[in-house]
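There are 2 protein chains.
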Amino acid sequence: MTKSVRIAIDAMGGDHGPEVILPGAALALAQHADLEFIFFGDEARIKPLLAANPRLAAVSSFRHTDVEIRMDDKPSQALRNGRRTSSMWQALEAVKKDEADAAFSAGNTGALMAMAKVCLHMIPAIDRPAIAVLWPTLRGESIVLDVGASIGADAQHLVDLAIMGSAMARIVLSLARPTVGLLNIGVEEVKGIEEVKAASRILRETPSADFDYRGFVEGDDIGKGTVDVVVTEGFSGNIALKTAEGTAKQISAYLREAVRGSFASKVGYFFARQAFQALGDKMDPRRVNGGILLGLEGVVVKSHGGSDAVGTARALEIGYEMVRDQLLRKIQNSLSDRGEADAARIAASEDDAVRP
Amino acid sequence: MTKSVRIAIDAMGGDHGPEVILPGAALALAQHADLEFIFFGDEARIKPLLAANPRLAAVSSFRHTDVEIRMDDKPSQALRNGRRTSSMWQALEAVKKDEADAAFSAGNTGALMAMAKVCLHMIPAIDRPAIAVLWPTLRGESIVLDVGASIGADAQHLVDLAIMGSAMARIVLSLARPTVGLLNIGVEEVKGIEEVKAASRILRETPSADFDYRGFVEGDDIGKGTVDVVVTEGFSGNIALKTAEGTAKQISAYLREAVRGSFASKVGYFFARQAFQALGDKMDPRRVNGGILLGLEGVVVKSHGGSDAVGTARALEIGYEMVRDQLLRKIQNSLSDRGEADAARIAASEDDAVRP
Numbered sequence: 004m005t006k007s008v009r010i011a012i013d014a015m016g017g018d019h020g021p022e023v024i025l026p027g028a029a030l031a032l033a034q035h036a037d038l039e040f041i042f043f044g045d046e047a048r049i050k051p052l053l054a055a056n057p058r059l060a061a062v063s064s065f066r067h068t069d070v071e072i073r074m075d076d077k078p079s080q081a082l083r084n085g086r087r088t089s090s091m092w093q094a095l096e097a098v099k100k101d102e103a104d105a106a107f108s109a110g111n112t113g114a115l116m117a118m119a120k121v122c123l124h125m126i127p128a129i130d131r132p133a134i135a136v137l138w139p140t141l142r143g144e145s146i147v148l149d150v151g152a153s154i155g156a157d158a159q160h161l162v163d164l165a166i167m168g169s170a171m172a173r174i175v176l177s178l179a180r181p182t183v184g185l186l187n188i189g190v191e192e193v194k195g196i197e198e199v200k201a202a203s204r205i206l207r208e209t210p211s212a213d214f215d216y217r218g219f220v221e222g223d224d225i226g227k228g229t230v231d232v233v234v235t236e237g238f239s240g241n242i243a244l245k246t247a248e249g250t251a252k253q254i255s256a257y258l259r260e261a262v263r264g265s266f267a268s269k270v271g272y273f274f275a276r277q278a279f280q281a282l283g284d285k286m287d288p289r290r291v292n293g294g295i296l297l298g299l300e301g302v303v304v305k306s307h308g309g310s311d312a313v314g315t316a317r318a319l320e321i322g323y324e325m326v327r328d329q330l331l332r333k334i335q336n337s338l339s340d341r342g343e344a345d346a347a348r349i350a351a352s353e354d355d356a357v358r359p
Numbered sequence: 004m005t006k007s008v009r010i011a012i013d014a015m016g017g018d019h020g021p022e023v024i025l026p027g028a029a030l031a032l033a034q035h036a037d038l039e040f041i042f043f044g045d046e047a048r049i050k051p052l053l054a055a056n057p058r059l060a061a062v063s064s065f066r067h068t069d070v071e072i073r074m075d076d077k078p079s080q081a082l083r084n085g086r087r088t089s090s091m092w093q094a095l096e097a098v099k100k101d102e103a104d105a106a107f108s109a110g111n112t113g114a115l116m117a118m119a120k121v122c123l124h125m126i127p128a129i130d131r132p133a134i135a136v137l138w139p140t141l142r143g144e145s146i147v148l149d150v151g152a153s154i155g156a157d158a159q160h161l162v163d164l165a166i167m168g169s170a171m172a173r174i175v176l177s178l179a180r181p182t183v184g185l186l187n188i189g190v191e192e193v194k195g196i197e198e199v200k201a202a203s204r205i206l207r208e209t210p211s212a213d214f215d216y217r218g219f220v221e222g223d224d225i226g227k228g229t230v231d232v233v234v235t236e237g238f239s240g241n242i243a244l245k246t247a248e249g250t251a252k253q254i255s256a257y258l259r260e261a262v263r264g265s266f267a268s269k270v271g272y273f274f275a276r277q278a279f280q281a282l283g284d285k286m287d288p289r290r291v292n293g294g295i296l297l298g299l300e301g302v303v304v305k306s307h308g309g310s311d312a313v314g315t316a317r318a319l320e321i322g323y324e325m326v327r328d329q330l331l332r333k334i335q336n337s338l339s340d341r342g343e344a345d346a347a348r349i350a351a352s353e354d355d356a357v358r359p
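Protein chains in written order, with my numbering: chain A, 4 to 359; chain B, 4 to 359.
Hints are supplied without guarantee of correctness; some may be wrong.
If several chains are the same, the list does not tell them apart, and a pair holds so long as it fits within one copy or across any two.
[What the hints assert, rightly or not] Derived lysine-lysine pairs resembling DSSO-like cross-links, with alpha carbons at most 30 Å apart: (1) Lys252 x Lys200; (2) Lys227 x Lys77; (3) Lys120 x Lys333; (4) Lys77 x Lys200; (5) Lys333 x Lys200; (6) Lys252 x Lys227; (7) Lys227 x Lys285; (8) Lys285 x Lys100; (9) Lys252 x Lys285; (10) Lys285 x Lys269; (11) Lys99 x Lys252; (12) Lys252 x Lys269; (13) Lys77 x Lys120; (14) Lys200 x Lys120; (15) Lys99 x Lys50.
Just so you know, the hints here were simulated from the structure itself, not pulled from any lab data. Computed from a predicted model, the values in this text were never measured in an experiment.
Could you put the whole structure together from the sequences, leaning on the hints where they help?
Spelled out as structure tokens, the structure:
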């Protein structure tokens, strides 16, 4: 029998806390019977929810914590007030102590990232964490990273993002060798940032067995699904993500207004309601809820603060897949292959240099 | 009687050339009878189109040019091959010689920007051009700049963008004192790029009579219409613009698929077709066609390369408004007001410094 996947949950994070997170865990459990949970948080709120759901209780334990990180705490405040004591910290620490295989939080992103760095440490050779998200596209789904973990990136960090993002894509998208693109701007006269160009050269010169680098992509390629993994630094990645969310909400609002407009359009809506339902499902942000913090010595899943139980379950399922399919080992292997390839490339160029 | 607005048109630019641009000019003329045009391009293609449209011909002249800039020419190539001789250059030069009040091109953006800089020069105190576009929002329309003219921006350039974008907003959006936001990312732990923070401090410390600075906005605020003018450097601005376009296309594709799906949805579409038409109009990119190159000593309008006659007309109308409402004078006035305010601020701080 395979081992269960154990997820340590910060039950106090997000806008709704345990009342949404525990039902979400129950939904995820219905999909994956080999899940186990440790809930960290306020006993008074968690215990009744577990009592009401015996199936969930059977695979769960909980640990009471007094301190919770607020959504508006600065990372430094969170570390000062919540290090060791908060539900967020303890969920991360459970991964460090190997009591859990992944940590989950719907709480304050900045605090989670700062705590994860301090508690779990970075993978050697990766200097900064990144946040990767699933992005619905016309072809299915792609992975976009970094959507805001850190601002700016040198060429090496962009290459690291390509490695980590494609490791994630191999798991979540079930692809043997995902395609990777670097986000850039196409206007000829500017030709993109120096770092992006340098990263592109490195990716072309040292091809990887684990992904297929396809060159530059532009903003509209994300929605088209031109590549499986879109790599960019956190500032533009965050702006792309939020802008797309804004545009989707804007069009949804137009659509609601359009079908409410007249009697005829209401009749039309009545007939076409299944089509609208299908459309709504496609645009449902819960379907792709769950950012993965990459670059850490542990799997950390960030759920959207406003998620409901369905969104929570989806984020937990992504975490489950990351553990089951060994995200960290895949990243490590890609990194060491690349290290060897780099060494070989350097050796080869030194050989060239000594030749007459 | 007021003077006419004279637009110099690069008739050879864009994917379709004169066959779309002249009909577009005719549509714009139907809206604004005080328009006049000078068409630069291939006589053999332009002459028959003018002959077929006597009303347009009555307000137009044309000048034959042999050289056209290709869509894939690099800016350096375009300058080498087309300086002085190309339809694009000559349209810009007509503005410089005061034979026209604005130049229009649907051609190669990079070439247009490079030629505009060389031919028209920058406004003193503005170091680099920017491209501003109208962006449809839930509140109406906003102006977003820079969407790709140049990568990166120091604090002063961001302040210049706020000044130029709000001058444009006062005209196109008919606002006395438009609201301005700086595009940033909201994740607490990173708090945005240094330059963006520094620009924000300058804008807060030196309020302008011409716009109302409202602080940081995020990607999803663009579609909401949180502010009238969204300021960002060209890399993230271009990515935001293209990502939004990609998302809109993606949702349109979902929508088409949904209404084609079943008999019931087709019936629904039949009843709701007016609502869908209204929705389509809202999402019609032609409605907001026409980027304005800002920072130059002249009004230059860039139409989308793939525009049809309706899109062309819209871009020409935006150019018309910029001239009629004196965009350049508004920018100059804001700049000199700000110069005085800066001087006063510096003098005040020196006063403080010499006080005991």
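Structure-based check of all given hints:
no.: 1; hint: Lys252 x Lys200; result: between (33 Å within a copy, 28 Å between copies)
no.: 2; hint: Lys227 x Lys77; result: between (36 Å within a copy, 26 Å between copies)
no.: 3; hint: Lys120 x Lys333; result: within (20 Å within a copy, 50 Å between copies)
no.: 4; hint: Lys77 x Lys200; result: between (34 Å within a copy, 17 Å between copies)
no.: 5; hint: Lys333 x Lys200; result: within (26 Å within a copy, 38 Å between copies)
no.: 6; hint: Lys252 x Lys227; result: both (18 Å within a copy, 9 Å between copies)
no.: 7; hint: Lys227 x Lys285; result: both (14 Å within a copy, 21 Å between copies)
no.: 8; hint: Lys285 x Lys100; result: neither (39 Å within a copy, 55 Å between copies)
no.: 9; hint: Lys252 x Lys285; result: both (13 Å within a copy, 14 Å between copies)
no.: 10; hint: Lys285 x Lys269; result: both (22 Å within a copy, 19 Å between copies)
no.: 11; hint: Lys99 x Lys252; result: neither (39 Å within a copy, 44 Å between copies)
no.: 12; hint: Lys252 x Lys269; result: both (21 Å within a copy, 25 Å between copies)
no.: 13; hint: Lys77 x Lys120; result: within (15 Å within a copy, 44 Å between copies)
no.: 14; hint: Lys200 x Lys120; result: both (29 Å within a copy, 25 Å between copies)
no.: 15; hint: Lys99 x Lys50; result: within (25 Å within a copy, 77 Å between copies)
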